[in-house]
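S.K.: Next come the chains, spelled out residue by residue.
Protein chains: 2
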Amino acid sequence: MSTFTDKGTAAPAAYFAGIVWVNMNVKPEEGYNINMGTVTFEPKARTNWHSHTSGQILFVIEGIGYYQEKGKPIQLIQKGDVVKIPKNIVHWHGASHGNLMRHIALVPDYDKDKTEWFQAVTDEDYNIIK
Amino acid sequence: MSTFTDKGTAAPAAYFAGIVWVNMNVKPEEGYNINMGTVTFEPKARTNWHSHTSGQILFVIEGIGYYQEKGKPIQLIQKGDVVKIPKNIVHWHGASHGNLMRHIALVPDYDKDKTEWFQAVTDEDYNIIK
Numbered sequence: 003m004s005t006f007t008d009k010g011t012a013a014p015a016a017y018f019a020g021i022v023w024v025n026m027n028v029k030p031e032e033g034y035n036i037n038m039g040t041v042t043f044e045p046k047a048r049t050n051w052h053s054h055t056s057g058q059i060l061f062v063i064e065g066i067g068y069y070q071e072k073g074k075p076i077q078l079i080q081k082g083d084v085v086k087i088p089k090n091i092v093h094w095h096g097a098s099h100g101n102l103m104r105h106i107a108l109v110p111d112y113d114k115d116k117t118e119w120f121q122a123v124t125d126e127d128y129n130i131i132k
Numbered sequence: 003m004s005t006f007t008d009k010g011t012a013a014p015a016a017y018f019a020g021i022v023w024v025n026m027n028v029k030p031e032e033g034y035n036i037n038m039g040t041v042t043f044e045p046k047a048r049t050n051w052h053s054h055t056s057g058q059i060l061f062v063i064e065g066i067g068y069y070q071e072k073g074k075p076i077q078l079i080q081k082g083d084v085v086k087i088p089k090n091i092v093h094w095h096g097a098s099h100g101n102l103m104r105h106i107a108l109v110p111d112y113d114k115d116k117t118e119w120f121q122a123v124t125d126e127d128y129n130i131i132k
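Residue numbers (my numbering), protein chains in the order written: chain A, 3 to 132; chain B, 3 to 132.
Check the hints yourself; a few may be wrong.
It does not matter which identical chain is used: a pair holds within one copy or between any two.
Stated by the list, open to error - No farther apart than 30 Å at their CA atoms in a straight line, the calculated lysine-lysine pairs in the DSS-like style are these:
1. Lys9 to Lys29
2. Lys81 to Lys29
3. Lys9 to Lys132
4. Lys9 to Lys86
Since the hints were made in silico from the structure, they are not lab data.
Bound-form chain A, shown alone (with noise of 0.2 Å):
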């Protein structure tokens, strides 16, 4: 058995900002078609822009983080939220200004899912929710 409440190691560089933590729980290889992590970001930590083929679904278990499609506002999300990623739309998460936020995030159908990376997200569009 596992534990989803540890932090983990660092999140890889390029595609987060801040301090990012990521916790593997559930690998493609272990023969499960999903791919699962807890991942905690520190105050203003975010992940860059991306989208998934296959879509994301988010578990916020800890905190208060911020959520935003591209060309919508930015949405306030925090312990117990579900958050239900489309496929394809271009998103960022991660935590507020003042606050950790620490995630379950899920890609089903992991097998046929291509994540995309874009650019970091600026402080210029993150401030907009200060």
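Chain A is fixed; fit chain B onto it per the hints.
M.R.: Showing chain B alone in chain A's frame:
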């Protein structure tokens, strides 16, 4: 956005014993190829014996419970645990004698999955760990 910490509605009595609540967070018809919900077991409540051809993952988000694979000892599971149930393994999960247990449960590759339900877990089998 939905809330995974909501208790939901009463679970079907045909497949569960005791007081059990189910909150479906992600339904297959939403376009994600998974079946995912929060299940809350009051003390002594449990599933019947069952199996999934696609396997199942549990994230224990509250309390203390039990998990057993057919022919093996009962395992104690608690908040923070990730339980990876292998494909086609007959098993059950539920609360412990004295504590509620709440988990997120997820079946991947839902379009290919066949879940089979068997007999109830007898008090004799459940009380082995008492």
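S.K.: Each hint: holds or not?
M.R.: These are the hints, each one checked on the structure:
In this homomeric assembly, Lys9 and Lys29 come within 30 Å of each other (Cα to Cα) both inside a single copy, at 16 Å, and across copies, at 29 Å. Taking the shortest Cα distances, Lys81 and Lys29 sit within 30 Å of each other both inside one copy (24 Å) and across copies (21 Å). Only within a single protomer do Lys9 and Lys132 lie at most 30 Å apart by alpha-carbon distance; the minimum there is 27 Å, versus 33 Å between protomers. For a Cα distance limit of 30 Å, the shortest separation of Lys9 from Lys86 qualifies both inside one copy, at 23 Å, and across copies, at 19 Å.
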